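A.B. asks: Those sequence lines, one after another, are chains A and B.
Number 749 in the numbering used here belongs to position 292 of the first sequence; there are no gaps in the numbering.
Number 703 in the numbering used here belongs to position 246 of the second sequence; there are no gaps in the numbering.
Note that these hints are calculated values from the structure, not bench results.
Certain hints may be false.
Pairs involving identical chains hold if they fit within one copy or between any two copies, as the list cannot separate such chains.
Simulated pairs of lysine to any residue, SDA-like, Cα-Cα distance not exceeding 20 Å [unchecked claim]:
#, residue 1, residue 2
1, LYS478, GLN502
2, LYS538, ALA743
3, LYS478, SER505
4, LYS673, MET492
5, LYS673, HIS491
6, LYS478, HIS512
7, LYS478, GLU513
8, LYS478, ALA497
9, LYS643, SER952
10, LYS619, LEU545
11, LYS478, MET492
Computed from a prediction, not measured in an experiment: that's the story for all the values here.
2 protein chains.
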Amino acid sequence: MKTQDLYQAYSTRMQKIADVKSASAVLQWDQETHMPPRGAHFRGQQISTLSEISHELATEASFGVLLQSLAAKEDLGKNEKRNILRSLEDYERSKKYTASFVRELSGQVNKTFHAWLEARKQNAFPVFEPELAKLVDLKKQEADLLGYDVHPYNALLDEFEKGSTVDLLDKSFDHLLPQLKELLQKIAAAPQVQDDFLHQHFPKQQQWDWGLYLLKQLHFDFESGRQDISEHPFSISFSASDVRVTTRVDENDFANMTWSCIHEAGHALYEQGLLAEYYGLPLGEACSYSIHESQSRLWENNVGRSLGFWKHYFPELQKHFPEQLGRLGLEDFYKGINKVQSSMVRTEADEITYHFHVFIRYQLEKKLVEGSLKTREIPEFWGAQYKELLGVEVKEDKRGSLQDVHWSHGSFGYFPTYSLGSFYAAQFFEEAKKQMPALEDEISKGQVINLLQWLRTEIHEKGRFHTSEELCREVTGKTLDVSYFVNSLLYKYKSIYTL
Amino acid sequence: MKTQDLYQAYSTRMQKIADVKSASAVLQWDQETHMPPRGAHFRGQQISTLSEISHELATEASFGVLLQSLAAKEDLGKNEKRNILRSLEDYERSKKYTASFVRELSGQVNKTFHAWLEARKQNAFPVFEPELAKLVDLKKQEADLLGYDVHPYNALLDEFEKGSTVDLLDKSFDHLLPQLKELLQKIAAAPQVQDDFLHQHFPKQQQWDWGLYLLKQLHFDFESGRQDISEHPFSISFSASDVRVTTRVDENDFANMTWSCIHEAGHALYEQGLLAEYYGLPLGEACSYSIHESQSRLWENNVGRSLGFWKHYFPELQKHFPEQLGRLGLEDFYKGINKVQSSMVRTEADEITYHFHVFIRYQLEKKLVEGSLKTREIPEFWGAQYKELLGVEVKEDKRGSLQDVHWSHGSFGYFPTYSLGSFYAAQFFEEAKKQMPALEDEISKGQVINLLQWLRTEIHEKGRFHTSEELCREVTGKTLDVSYFVNSLLYKYKSIYTL
Numbered sequence: 458m459k460t461q462d463l464y465q466a467y468s469t470r471m472q473k474i475a476d477v478k479s480a481s482a483v484l485q486w487d488q489e490t491h492m493p494p495r496g497a498h499f500r501g502q503q504i505s506t507l508s509e510i511s512h513e514l515a516t517e518a519s520f521g522v523l524l525q526s527l528a529a530k531e532d533l534g535k536n537e538k539r540n541i542l543r544s545l546e547d548y549e550r551s552k553k554y555t556a557s558f559v560r561e562l563s564g565q566v567n568k569t570f571h572a573w574l575e576a577r578k579q580n581a582f583p584v585f586e587p588e589l590a591k592l593v594d595l596k597k598q599e600a601d602l603l604g605y606d607v608h609p610y611n612a613l614l615d616e617f618e619k620g621s622t623v624d625l626l627d628k629s630f631d632h633l634l635p636q637l638k639e640l641l642q643k644i645a646a647a648p649q650v651q652d653d654f655l656h657q658h659f660p661k662q663q664q665w666d667w668g669l670y671l672l673k674q675l676h677f678d679f680e681s682g683r684q685d686i687s688e689h690p691f692s693i694s695f696s697a698s699d700v701r702v703t704t705r706v707d708e709n710d711f712a713n714m715t716w717s718c719i720h721e722a723g724h725a726l727y728e729q730g731l732l733a734e735y736y737g738l739p740l741g742e743a744c745s746y747s748i749h750e751s752q753s754r755l756w757e758n759n760v761g762r763s764l765g766f767w768k769h770y771f772p773e774l775q776k777h778f779p780e781q782l783g784r785l786g787l788e789d790f791y792k793g794i795n796k797v798q799s800s801m802v803r804t805e806a807d808e809i810t811y812h813f814h815v816f817i818r819y820q821l822e823k824k825l826v827e828g829s830l831k832t833r834e835i836p837e838f839w840g841a842q843y844k845e846l847l848g849v850e851v852k853e854d855k856r857g858s859l860q861d862v863h864w865s866h867g868s869f870g871y872f873p874t875y876s877l878g879s880f881y882a883a884q885f886f887e888e889a890k891k892q893m894p895a896l897e898d899e900i901s902k903g904q905v906i907n908l909l910q911w912l913r914t915e916i917h918e919k920g921r922f923h924t925s926e927e928l929c930r931e932v933t934g935k936t937l938d939v940s941y942f943v944n945s946l947l948y949k950y951k952s953i954y955t956l
Numbered sequence: 458m459k460t461q462d463l464y465q466a467y468s469t470r471m472q473k474i475a476d477v478k479s480a481s482a483v484l485q486w487d488q489e490t491h492m493p494p495r496g497a498h499f500r501g502q503q504i505s506t507l508s509e510i511s512h513e514l515a516t517e518a519s520f521g522v523l524l525q526s527l528a529a530k531e532d533l534g535k536n537e538k539r540n541i542l543r544s545l546e547d548y549e550r551s552k553k554y555t556a557s558f559v560r561e562l563s564g565q566v567n568k569t570f571h572a573w574l575e576a577r578k579q580n581a582f583p584v585f586e587p588e589l590a591k592l593v594d595l596k597k598q599e600a601d602l603l604g605y606d607v608h609p610y611n612a613l614l615d616e617f618e619k620g621s622t623v624d625l626l627d628k629s630f631d632h633l634l635p636q637l638k639e640l641l642q643k644i645a646a647a648p649q650v651q652d653d654f655l656h657q658h659f660p661k662q663q664q665w666d667w668g669l670y671l672l673k674q675l676h677f678d679f680e681s682g683r684q685d686i687s688e689h690p691f692s693i694s695f696s697a698s699d700v701r702v703t704t705r706v707d708e709n710d711f712a713n714m715t716w717s718c719i720h721e722a723g724h725a726l727y728e729q730g731l732l733a734e735y736y737g738l739p740l741g742e743a744c745s746y747s748i749h750e751s752q753s754r755l756w757e758n759n760v761g762r763s764l765g766f767w768k769h770y771f772p773e774l775q776k777h778f779p780e781q782l783g784r785l786g787l788e789d790f791y792k793g794i795n796k797v798q799s800s801m802v803r804t805e806a807d808e809i810t811y812h813f814h815v816f817i818r819y820q821l822e823k824k825l826v827e828g829s830l831k832t833r834e835i836p837e838f839w840g841a842q843y844k845e846l847l848g849v850e851v852k853e854d855k856r857g858s859l860q861d862v863h864w865s866h867g868s869f870g871y872f873p874t875y876s877l878g879s880f881y882a883a884q885f886f887e888e889a890k891k892q893m894p895a896l897e898d899e900i901s902k903g904q905v906i907n908l909l910q911w912l913r914t915e916i917h918e919k920g921r922f923h924t925s926e927e928l929c930r931e932v933t934g935k936t937l938d939v940s941y942f943v944n945s946l947l948y949k950y951k952s953i954y955t956l
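Chain A on its own, in the form it takes in the complex (with noise of 0.2 Å):
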């Protein structure tokens, strides 16, 4: 059989599971939106059902072969080299978990969150307990049947971050933590900003315009994507031509749907930047979870917490809500929306406290992993590292370790993303600027389109093509490094609080 004709059979095999994928995600997407309560019986065995289907699909032995023997083809042009390289890792880890352990793990995630929504009803541990102990068994026989160097949390950070590894992010956290915390120090010294005007009232409709407003201003494509209301905020993606958003608006807080909208629009942004001819291939894929986050905080924090920002969207923000916002001045609006304080929630956090809400998450699952700390000591571990690291005492278990959905999900290795999204952001903006010197001069007229164009083609346009660290250098010419993070912050939060 001829290369060109074998690589169109792996095509359209990579388009069918695609397909059966996206099928899911309009499925997850609608729960989450619109479905009536009581359709969440079938409509979970809907999904089981389409996942179970597409991991036949990408796991059949003449699929194997079919990559083993395109993979030895020289007359194959770059980038389809690349699919075809990034189709084999993925199915080589597939094919390590067997049917039975699949199985078992999804009964038992089910069994999980089950267990940790009746738990935070009861806003109690102990209920979410025993279930997560299994669930966690299982992670540890995972990382066993994954295989790894070193640590067994690496064979779960490669599920979320390919490359990356304990020793990688203990040496980026010993970095940065030290520095936070001096920061932080210094902010706890000086007088605090003032943010109570973002707790007036904002009628919900008007918050929804508002946040609509912003989505174009940020060039959300609507033709290709649309907002919808959803109990958490997030984004979703069926194609780059149909990806969607959602938000929440909370009528007492201001900052919850503004700086959500511009989040979740980081995120649609990259998935509209795909291209479309590369649907279902890994080219056609974000690169990976730290740098999907990167593009949210890049937009919600590097942009959409700066002054320059403001400069040009305050007066239109004031026009919307005149009532609440009319007599307030861009400097206190300025400093209000980066006020730093230590809090139990991660969800509510500042830049600068979030990673110690990420580092603690991240402490405790290491532990997990390797044995060194039960399921039931958590909550006494989380409320020492809290007091310990962030000062605060958490005095219930909702807001405590019961706080987050990822564990119930058995999504064990994730929340490094986050802040190695906060690094990469930091890193990315600063190569923007420097290689668009007009760029925050830009930004203080409103202009962004220049900064997405950038993104498109450095980042979104490239897939799957690198994997985080070589993209990182690819763009930047380095690779990863937290000074960049850190010294945005030092910069930023010394005029703020005037340090």
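Model the placement of chain B on the given structure of chain A, informed by the hints.
C.D. replies: Then chain B, alone, in the frame of chain A:
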């Protein structure tokens, strides 16, 4: 293997097929209600892939062997036996299609649909005709593949209405049409009723609220369903506990939304009334197209256009629209909403002329399939029939032979089920009144729960146990008798037009 284990394997496979079909239905629903415009391309591909997968699952040879061996078992209950019988019928029908024919047909349907869209834009049947001609050829081949007695159209009818034949339909129409013609002549000679009040301005949001109110009154279960807006109203089900209806709002035509809401609610109540324990199995599916339509029409016409129903709801309606309807009398409202007037467009037709629209399409399909009419002769035949039967001059293709989407979907044999639906509805409603002497009194108090409960027990919960004709005999003690329909019209219009 034990019979129960075999049956379990059968049930698992059937549920898997239902999961994939339901997923496809979610994608179609989203496509018509929420999808951004550029999502269409990959959405089409995703839906095709799911159809292909469900077709493969349903026609796999090993599944056929399983069905055959279950069909030979004695130790199954009555319901289990019926499930197997129906599934085997479906399987054997599906197996008659070769894979290459399915591909060719679906490719031609796609081309024909796009030609139809373009033809409507240009208001020119000749743009549609060449693709339609090819599709008709394929439908003739399909009739040959399926096999038939007497007339090839019977093979196609069978897809939508098992057991229906040209002979039976001809007899029904022969009995019906002369009487309807006579009635129309009498009505034409009587003073016309007024319906101008329907064409005032009815604001969108208020119509929407009124529609939701009506759905609640009809016991549409919003815990197991929801309503959205789409260009053409439809209902669709993802399980008995997730049934969606859609509507459209025309601010200058009150009738448009109200009776489409009631019509779609009728379909949806049927789906919500199917037994969840039979999800994926024939006994958990609707009996047939005509019985489905009998439910929508019973609610829309026999209930929703009756004087009794509006005795209760017209005062409610006046509260919703005091400005538009506050000074109108109930009798005038009732007459207006039942105005009889020949028109060019089927979906705008009244209860009498509607069936001439269906009859014309039925004649035409029969002739196309038997080869006595060429596709290029359609507009002429269409015009002549509309002139002769309805006395209207068809002036443009868009509102003539291009008005319906059905043929472009390859649906030949579908239209007759619309008329059959009305006939069954009249017979069922007559039986309901006989069995529940208080029914009309209840309806005039706005109480329809006993009627719904009766339909649930007599029709919905039986699923596909019976064919349409068997069900009709089961429910009313007689096979379909079009006199019930004719008499109900004679009785109704005698009083409206004082004939």
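A.B. asks: Quick one: LYS478 to HIS512, C-alpha cut-off 20 Å, is that within a copy, between copies, both, or neither?
C.D. replies: For LYS478 and HIS512, both the intra-copy (9 Å) and inter-copy (18 Å) Cα distances are at most 20 Å.
A.B. asks: What label fits LYS478 with MET492 when the C-alpha limit is 20 Å: within, between, both, or neither?
C.D. replies: Both. Shortest intra-copy (19 Å) and inter-copy (17 Å) distances satisfy the 20 Å Cα cut-off.
A.B. asks: When Cα atoms must be at most 20 Å apart, do LYS478 and ALA497 count as within-copy, between-copy, both, or neither?
C.D. replies: both (19 Å within a copy, 17 Å between copies)
A.B. asks: Using 20 Å as the alpha carbon limit, work out where LYS673 and MET492 are close: within a copy, between copies, both or neither.
C.D. replies: This pair counts as between: shortest inter-copy Cα distance 18 Å, intra-copy 27 Å.
A.B. asks: If the cut is 20 Å between Cα atoms, do LYS478 and SER505 qualify within a copy, between copies, both or neither?
C.D. replies: both (11 Å within a copy, 14 Å between copies)
A.B. asks: Which holds for LYS643 with SER952 at a C-alpha limit of 20 Å: within a copy, between copies, both or neither?
C.D. replies: Within one copy only: 12 Å inside, 88 Å across.
A.B. asks: For the identical chains here, do LYS619 and LEU545 meet the 20 Å Cα criterion within one copy, between copies, both, or neither?
C.D. replies: Classified as within; 14 Å inside a copy, 49 Å across copies.
A.B. asks: Using 20 Å as the alpha-carbon threshold, which applies to LYS538 and ALA743: within, between, both, or neither?
C.D. replies: Close inside one copy (17 Å), not across copies (50 Å); limit 20 Å.
A.B. asks: Measure nothing new, just compare the shortest in-copy and cross-copy C-alpha distances for LYS478 and GLN502 to 20 Å and report within, between, both or neither.
C.D. replies: The answer is both: 15 Å in one copy and 12 Å across copies each meet 20 Å.
A.B. asks: Since the copies are identical, ignore which copy is meant and state whether LYS673 and HIS491 lie within 20 Å (CA to CA) inside a copy, between copies, both or neither.
C.D. replies: between (23 Å within a copy, 18 Å between copies)
A.B. asks: With identical chains, the pair LYS478 and GLU513 could be close in the same copy or across copies; at 20 Å between alpha carbons, which is it: within, between, both, or neither?
C.D. replies: both (12 Å within a copy, 18 Å between copies)
When the structure is compared with the earlier hints, no violation turns up for any of them.
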